[in-house]
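There are 2 protein chains.
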Amino acid sequence: MPPPPFGSIVIAGLGLIGGSIALAIRERWPAARVIGVDRPAVIAHALGGGAIDRGITTITEARDADLVVLAAPIRQNLELLAALAAAPRDRAVVTDVGGTKRAIVEAARALRPPLPFVGGHPIGGAERGGFAFARPDLFDGRPWIFTPDPGGGYDEALGRLETFVRGFGARPAVMEAGTHDRLMAFLSHLPQLTASALMEATGREAGVEGLHFAGRGLVDTTRLASSPADVWRDICATNSDAIGEALDRLIARLTELRADLPRGGAVASLFEDAARWRAELMKGRD
Amino acid sequence: MPPPPFGSIVIAGLGLIGGSIALAIRERWPAARVIGVDRPAVIAHALGGGAIDRGITTITEARDADLVVLAAPIRQNLELLAALAAAPRDRAVVTDVGGTKRAIVEAARALRPPLPFVGGHPIGGAERGGFAFARPDLFDGRPWIFTPDPGGGYDEALGRLETFVRGFGARPAVMEAGTHDRLMAFLSHLPQLTASALMEATGREAGVEGLHFAGRGLVDTTRLASSPADVWRDICATNSDAIGEALDRLIARLTELRADLPRGGAVASLFEDAARWRAELMKGRD
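Chains as they are written, first to last, in our numbering: chain F, 1 to 286; chain V, 1 to 286.
One should not assume that every hint holds.
[To be verified] Lysine to aspartate or glutamate pairs mimicking EDC-like chemistry, simulated, CA-CA at most 16 Å apart:
{"no.": "1", "chain 1": "F", "residue 1": "283", "chain 2": "V", "residue 2": "220"}
{"no.": "2", "chain 1": "V", "residue 1": "283", "chain 2": "F", "residue 2": "220"}
{"no.": "3", "chain 1": "V", "residue 1": "283", "chain 2": "F", "residue 2": "209"}
{"no.": "4", "chain 1": "F", "residue 1": "283", "chain 2": "V", "residue 2": "209"}
Quick caveat, the hints were computed from the structure, so don't treat them as lab data.
Just need the whole structure built from these sequences, with the hints factored in.
Take a look at the structure:
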């Protein structure tokens, strides 16, 4: 087995993603040392499960790490990044796993002295968040997007990160942060907001009794509606322009449909287009 | 085993629902004779699979049935109902399985002489339509709503229909057609239109390459987007007022979210409400 690309790894935030990274390191890079940063209760849980070697409650306690992974909600990641920069140390590579990339890439670019930061976004996800739902195979076969600062000169760090996540079965890809944010506004943020808005509107109208008559369609369409509010408030705040455009696009489609309901011509044509895109989406998936 | 509540059953339309009814009859009421009405290719498929005893291509060929089930798209069901009324026969009970109920209940009420019609709507559904996806357990544990005309006097027919579908494991419920249509505008029609509009808007923006970066969230939220256009054009046309109100409600929520993206207060509060409704929706489901 090759040596791990990073010998000592600090993971700040042991939720679904951070916890799954810890478990995946255990499986693929067992020689690496893993230090978790979180509240004492989560640390105890992660230590008990053998996911981490050591737990700390403040990122600045971490010393001599080769890699720091910021895996908290985005605003917290921005604070953690500032805290790391304020306490200069050996040049650990720093990455994050947040769902938007421009805000943190710009924050890292502004640091003096600079940190070797490469933004990252694993496309995984599960119905529920938190360490209890973490799994070592969460990233298997899934994309992991990196958004290095084009002028940053961290090619060597990027190469090590790509090796690191390939070890989890992920497929690394490189993208400009703005391209990432616009794409994710449609692929991820719009479905999330739509699912939550749909669940709220439908629940309020149907009530507890009415929901008993819901079929599998509503159940699938609103699966995302159990996502944690704090994570999504931060995503919305750091990608509001792109999400706004995506919402406008959806609202325009729904408004067209509404006008055409009695005749149904636009309904039929939208359904045909949607079915074609759905078939594209499902190519190569189960 | 008790005798079947209907000894001879005509099913007009052997798609997902009609085909699943035929298969469920085979399992639960094997003494019943099943006659399918559809195109010759579908008839051949259903005969080959043993789902029906006999196939015909025109509903008026059916003679001496105890029950006629209209299982085509809604507009076709309306035409089939008129054809049945124009060719008077023994007083077979007539029901349908369409996703809206006011249009067909009103059409049945206007018939002279009247037919013993009781509208029905099994809440099942699967990712894809057509006989190829029919299954005998499609209705197991799921509601099956009946919407008898309050002044129709078909209590005995309703009772036999309830026994009939209980045999498939369904849970019969009785509801006024208008109540049904309004409830389904939110529980079923709104999720369907939303999923299709979301898939179309996202596919068009992301393109084939971009869709490779989609996570499980988009996949779940757009599952309904492969639904058949013809079925849904008819549902929209026969429930446009209620669906219009449901769309207005969703558009209003999305517009509020859009305005609040940078701050995120409305986002957080909507997410919390949505997560509560989602928990209600999932009570008693897997």
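- Task: Tell me, in ascending order, the numbers of any earlier hints that this structure violates.
- Result: Result: no hint breaks.
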